[in-house]
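Number of protein chains: 2
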Amino acid sequence: MRITSILVAAILATGAAAQTITSPDGNVKLDFSLQKGKPTYQLTYKGKDVVKPSHLGLELAKDKHASKGKNETDLIDGFVVQSTNTSTFDETWKPVWGETATIRNHYNELEVNLSQPATERRITIRFRVYDDGMGLRYEFPQQKTLNYFLIKEERTEFAMAGDHIAWWLPGDYDTQEQETQETRLSGIRERFNTAVNWENSSVAVFSPTGVQTSLQMKTDDGLYINIHEAACIDYATMHLEMVDAQTKNLSEKLGGGSNAYTPDPTPSAYPLPKPFTFVSHLTPDATGLKGAMQTPCKTPWRTVIVSDDARDMLSSNLILNLNEPCKIEDTSWIHPVKYCGVWWEMIVGKSAWNYTDEFPSIKLDQIDWNKVKPNGRHAANNEKVKRYIDFAAKNGLDEVLVEGWNVGWEDWANMWKRDVFDFVTPYPDFDIKMLNEYAHSKGVKLLMHHETSSSTQNYERHMEEAYNLMNKYGYDAVKSGYVGDIIPRGDHHYSQSMNNHYLYCIQEAAKHHVMVNAHEAVRPTGLCRTWPNLVGNESARGTEYEAFGGSRPDHTVILPFTRLQGGPMDFTPGILETQLSTWSDNPNYVHTTIAGQLALYLTMYSPLQMAADLPENYEKYDDAFQFIRDVAVDWDDSKYLEAEPADYITVARKAKGTDNWFVGGKCDENGHLSVVKLDFLDKGRKYDCTIYADAKDAHYQSNPKAYTITRKTVKKGDTLKLKQAPGGGFAVSIIAK
Amino acid sequence: MRITSILVAAILATGAAAQTITSPDGNVKLDFSLQKGKPTYQLTYKGKDVVKPSHLGLELAKDKHASKGKNETDLIDGFVVQSTNTSTFDETWKPVWGETATIRNHYNELEVNLSQPATERRITIRFRVYDDGMGLRYEFPQQKTLNYFLIKEERTEFAMAGDHIAWWLPGDYDTQEQETQETRLSGIRERFNTAVNWENSSVAVFSPTGVQTSLQMKTDDGLYINIHEAACIDYATMHLEMVDAQTKNLSEKLGGGSNAYTPDPTPSAYPLPKPFTFVSHLTPDATGLKGAMQTPCKTPWRTVIVSDDARDMLSSNLILNLNEPCKIEDTSWIHPVKYCGVWWEMIVGKSAWNYTDEFPSIKLDQIDWNKVKPNGRHAANNEKVKRYIDFAAKNGLDEVLVEGWNVGWEDWANMWKRDVFDFVTPYPDFDIKMLNEYAHSKGVKLLMHHETSSSTQNYERHMEEAYNLMNKYGYDAVKSGYVGDIIPRGDHHYSQSMNNHYLYCIQEAAKHHVMVNAHEAVRPTGLCRTWPNLVGNESARGTEYEAFGGSRPDHTVILPFTRLQGGPMDFTPGILETQLSTWSDNPNYVHTTIAGQLALYLTMYSPLQMAADLPENYEKYDDAFQFIRDVAVDWDDSKYLEAEPADYITVARKAKGTDNWFVGGKCDENGHLSVVKLDFLDKGRKYDCTIYADAKDAHYQSNPKAYTITRKTVKKGDTLKLKQAPGGGFAVSIIAK
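Read top to bottom, the protein sequences are chains A and B.
Okay, so the first sequence: first residue is 1 according to our numbering, each after it adds one.
Okay, so the second sequence: first residue is 1 according to our numbering, each after it adds one.
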């Protein structure tokens with residue numbers, strides 16, 4: 001509910017247009033002004049600079065249709081303030097699923113209505129200031145002088161106050177699966193080339209100081225600052241390009257590898273901002289343009305989360321709050337999911353998605369699948385799937401993912417092949433009717449898989465039939481995938497059109513009561529508030545990379561600060577047989593201890609959690625697996641007990657609709673001693689506590705499978721001292737008696 | 001049926017690999033050889049050079065996925081002949097609709113199997129030689145060394161033997177609606193810039209010597225030569241780039257206007273062929289590449305039609321014959337259509353497609369159409385549509401097209417607006433149920449209209465619902481449109497992906513028993529043989545241009561030699577009120593006489609013919625309109641009596657299933673005297689003959705509406721002397737007694 005609304009009279013003198021609003025608790029202060037006609041803002045937290053004076057605006061592209069006489073004018077300068085409004089908003093809403101049962105959305109808002117007299121155009125910049133940061137966006141009212149426009153580049157600046165430590169991914173139009181880099185801002189340029197995995201053919205970087213969001217930073221005076229975006233709808237995904245002393249112009253051309261993107265050679269006409277300033281850089285379409293807009297419209301929110309306590313970064317709901325309320329009326333069919341699946345053994349290389357090796361390539365309409373020669377390595381077969389269904393039923397898992405069930409995997413990726421899958425035809429050894437009936441008879445559902453190979457037109461052509469098939473056989477969730485280059489060629493995973501596609505899939509799925517877990521899709525920006533059937537995304541480096549060479553032990557204590565700000569990740573934890581060579585030819589190992597794997601079910605929040613290892617591996621570690629059986633996936637409350645980016649995270653969560661708590665702690669390669677005070681328990685009540693911890697000599701490399709399981713009774717006020725091994729962690733279940 | 005097949009033993013010596021085949025009548029001779037490893041062909045007609053020795057091949061693009069170590073090799077040279085096969089084919093097939101009841105497909109074939117030892121790749125070049133020309137195509141068998149490839153450019157050469165006269169359109173990736181130019185080959189470069197309508201924002205030309213196909217030529221020694229293509233499926237449309245003395249490299253960069261395309265700056269590594277040689281130039285995708293292929297696959301046929309009699313160019317079925325037989329099993333729902341429609345008055349500017357002028361732009365999901373303010377100019381309203389239905393019923397027309405029936409026309413074109421139409425929501429003044437029932441009660445159908453605004457993704461998303469709506473209300477044909485730039489941005493109207501889209505629409509329509517008449521789509525290449533529900537295309541400058549400034553009088557005596565080679569055109573003839581200012585504010589006039597308009601129903605063959613003028617105009621000229629009422633639109637036989645490109649065409653056609661004949665003659669701005677011998681009539685039979693002719697003093701500019709109607713009885717052997725005025729023509733109905 002909107003509590004107050006104050007109309008500030010039109011201020012026509014451009015120099016005098018300063019406006020200030022603060023957060024409800026007064027700690028966050030935002031100043032807006034016009035500097036020589038340029039919209040400018042700055043942000044402080046408890047008096048410390050968070051964003052120094054930074055300009056706002058957009059460069060527009062000259063459209064070919066506008067080329068006959070009409071020149072396009074940028075929305076950068078020449079503005080005057082027409083009016084400003086401030087207001088306060090405070091409401092509490094209930095997410096369909098989440099870390100807490102309710103979420104408070106409390107902010108002060110400043111609406112600045114600007115006009116550009118030379119063009120007779122009007123825009124609005126809206127700021128919302130929360131106790132933990134701020135969001136700002138551009139709004140373009142419908143008007144005769146601004147109906148359709150093309151964005152050459154958004155020029156939103158974030159001027160940092162110093163040479164902060166930053167955890168960053170190389171800015172890239174197509175992949176987010178790199179490892180996070182930790183450097184000072186001044187070190188980004190030097191680190192950049194080693195940070196890019198040039199072996200990944202999807203790499204499409206654009207500048208040696210370009211980074212992705214969400215970007216987590218820490219200042220020398222103890223502030224944690226995060227820059228990301230919220231509600232990215234029908235707009236290109238934002239990256240940040242940092243200006244340093246060596247920056248010649250935006251965007252800089254990369255010298256690098258053969259996959260490097262060659263940007264528009266026309267440099268911006270505007271002067272470079274000062275060093276340590278990030279400037280927004282949108283994902284282009286195939287022609288290099290950044291967006292096609294029609295008024296009335298608005299950009300996503302550009303968000304800055306800030307606190308002097310790292311735990312606040314993790315408990316922040318700023319991004320969810322900046323999204324629109326749920327648009328699905330009946331959400332009764334949306335539910336958290338704990339699942340296993342026919343997947344890890346293919347990732348590790350022991351079995352295959354494809355059914356035959358007989359042909360150098362295939363065309364779906366030219367093959368009689370009943371006559372082809374099986375390769376004997378096809379995992380998604382009736383026998384194996386039944387085994388997984390039995391396993392899920394026995395262990396209380398809700399669903400079983402089966403990848404490789406449908407024809408087309410023989411030559412599916414990176415071939416520029418449009419008609420790669422039809423999403424409805426099973427391989428001959430996958431009896432879709434029998435297997436679904438078998439699963440349902442045991443109280444389990446199958447989880448659908450739609451790998452699109454990024455052939456988006458092909459997916460959209462088959463989507464309705466594909467969802468109809470799901471409805472027919474009783475699937476209620478789909479894992480979709482976008483491996484490889486986008487078809488149509490020239491488009492990118494994070495462009496305006498692709499962001500529209502991902503949301504289209506979610507909306508069409510909702511019509512069919514289907515939950516979506518999209519892999520390789522764009523990084524989330526809180527859209528799961530509006531479309532809670534978006535129960536998961538990958539959009540980062542998941543557990544699969546442990547089979548591809550490994551990820552650093554601190555990877556999972558960075559992701560909650562960065563990738564998870566926008567929404568849950570289908571990280572696929574739970575690899576208890578961390579040495580892959582014990583059961584396969586894969587020489588790699590998982591870079592955590594077993595206890596660390598258990599901790600991820602708590603530290604990596606998601607309503608969709610996989611038990612990703614093989615049933616036979618879980619049988620080997622059945623006592624540890626008990627925690628995966630027990631742990632909840634939806635919560636009434638969550639308390640971040642300690643946190644430091646790239647070092648450690650400890651969280652306690654109260655299982656939905658119960659009095660039971662689960663506590664998890666995860667650390668980096670240095671180990672960590674956690675002291676967990678159980679002051680969140682109910683007073684006077686006793687609890688059965690089971691502690692899954694690293695053994696004394698555990699180590700993610702040398703001794704990852706050494707864990708202890710301790711049971712005791714606990715009560716409010718007790719303290720648990722839990723030593724995490726290097727690359728380790730712990731998991732605790734606290735069940736009310 | 002394949003009559004003979006001769007296996008020629010493998011010829012390994014590259015120099016000795018010459019092969020010759022001739023047409024069944026021996027007049028057309030094709031020689032194939034390898035010249036220093038380059039596939040080379042030449043073509044003669046009655047001993048005269050048609051195509052001098054010309055190379056064949058494709059340049060391949062280096063894929064980013066192949067960039068790691070693997071270099072791509074062109075399919076241009078280094079070939080040896082593995083084997084050759086010759087065979088003869090002779091069959092007669094029945095088109096679902098057409099100019100004749102049966103079509104003979106009789107050719108000699110040469111199959112040349114080549115290998116490139118350096119790459120271990122194999123390709124086949126297949127030649128089919130007919131009495132009236134030849135077709136050749138590349139075939140790529142499935143093989144381990146050639147699975148997927150990207151085409152940088154196809155390099156099929158057509159070396160002309162002299163400085164022929166050519167009728168050409170500027171080569172363009174997005175429009176075919178320019179006027180035809182007549183120059184010597186050596187004059188193309190000089191004429192080019194004046195030939196391009198730079199005012200048309202769709203212009204996307206690529207070279208100052210680039211031309212479109214079908215390209216009609218005439219040699220100084222009396223040969224007529226036509227170059228086009230057949231069966232263009234999932235492949236980019238071919239243009240021709242001419243090498244002249246000034247050609248520096250292929251493709252040349254155009255200096256021209258702001259809409260000019262900037263081609264790949266990397267020139268071909270291969271030497272330029274000799275002057276007067278055309279080299280194929282495919283339409284690129286957004287990244288500049290020309291095609292993504294997967295073996296087994298083949299290119300479209302590259303066709304050369306040749307004769308020393310211009311009439312043979314018009315009666316040729318070579319392009320239809322090179323297409324695959326009909327793939328629709330039950331064709332009973334496909335039928336010729338004579339129609340009128342709510343269209344011309346909008347083209348002329350008297351009424352409007354859109355319903356309201358209230359908003360600077362609209363979003364479909366944000367408007368309550370029942371509350372908006374009508375502009376009072378919306379043509380597709382119940383009252384007017386009923387009037388057209390009454391008119392159709394009274395005059396024996398089968399269907400009524402209604403454009404502007406559905407919401408979205410307020411801001412539909414060239415705005416890069418993706419969600420521009422939904423194809424199912426009528427404006428409030430168009431009662432879709434009532435109007436269809438009203439039409440059906442009078443034995444008439446409505447003809448659906450789907451303007452896509454070239455937002456192809458939006459169209460595909462709504463297509464199933466749109467066709468379902470048609471089925472629900474009893475529509476059986478759709479006119480679709482592709483005005484404006486293709487969305488996704490960067491794509492072109494004639495690219496591989498768009499050609500795939502057009503065919504997808506036709507195939508999906510066939511599932512719904514819907515006939516398709518696609519405007520602004522790619523120029524046809526005979527696909528209507530395979531998919532006879534493709535009953536029409538625009539793909540050239542239609543009658544609408546008479547309201548936009550006019551077309552030259554010779555336009556319609558060029559189109560049958562060029563545009564119509566690939567399939568019928570929905571030219572929309574029949575404008576009897578040639579002075580538009582008599583009923584509107586439009587100052588333009590139609591550049592034919594009234595008799596010339598009637599002639600077009602015969603000279604511009606199509607199974608779909610519009611009576612394009614307004615009912616009230618037809619009432620003014622009801623005696624002339626009688627011919628439009630009477631004329632058939634499907635034929636058992638057609639005889640081209642005289643023809644000369646850009647001068648005149650006279651044809652006699654026998655109406656399907658009857659003994660009645662209709663004869664039409666059309667000429668250019670110079671007038672023409674036709675002497676029509678009625679030796680095609682049945683011997684001993686009498687016929688009622690009605691002659692619609694230009695009056696003595698008729699002239700398309702000064703006196704276009706002067707016509708005479710003469711009735712007499714005729715018999716076989718009679719002769720009609722028919723004088724056509726400048727820009728005039730005649731139409732004759734000959735009804736068996």
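Hints listed in this document are in silico derivations from the structure and should not be mistaken for laboratory results.
It cannot be assumed that every hint is accurate.
Here are some, though not all, of the chain B residues that point toward chain A, as calculated from beta-carbon distances under 8 Å [claimed, not checked]:
1. Pro-141
2. Asp-285
3. Gln-294
4. Glu-460
5. His-462
6. Arg-489
7. Asp-491
8. Gly-549
Note that the Cβ used here is the ideal one computed from N, Cα and C, for glycine as well.
Here is how each hint holds up against the structure:
1. Pro-141: Interface hint status for B/Pro-141: violated (11 Å vs cutoff 8 Å).
2. Asp-285: This hint holds: B/Asp-285 lies near chain A, its Cβ roughly 5 Å from the closest one there, short of 8 Å.
3. Gln-294: holds, 6 Å
4. Glu-460: Holds - the Cβ of B/Glu-460 comes within 8 Å of chain A, reaching about 6 Å at its closest.
5. His-462: Violated - the Cβ of B/His-462 stays beyond 8 Å from chain A, reaching only about 11 Å at its closest.
6. Arg-489: Holds, because the Cβ-Cβ distance from B/Arg-489 to chain A comes to roughly 5 Å (cut-off 8 Å).
7. Asp-491: holds, 7 Å
8. Gly-549: Result: violated, 17 Å to nearest chain A Cβ.
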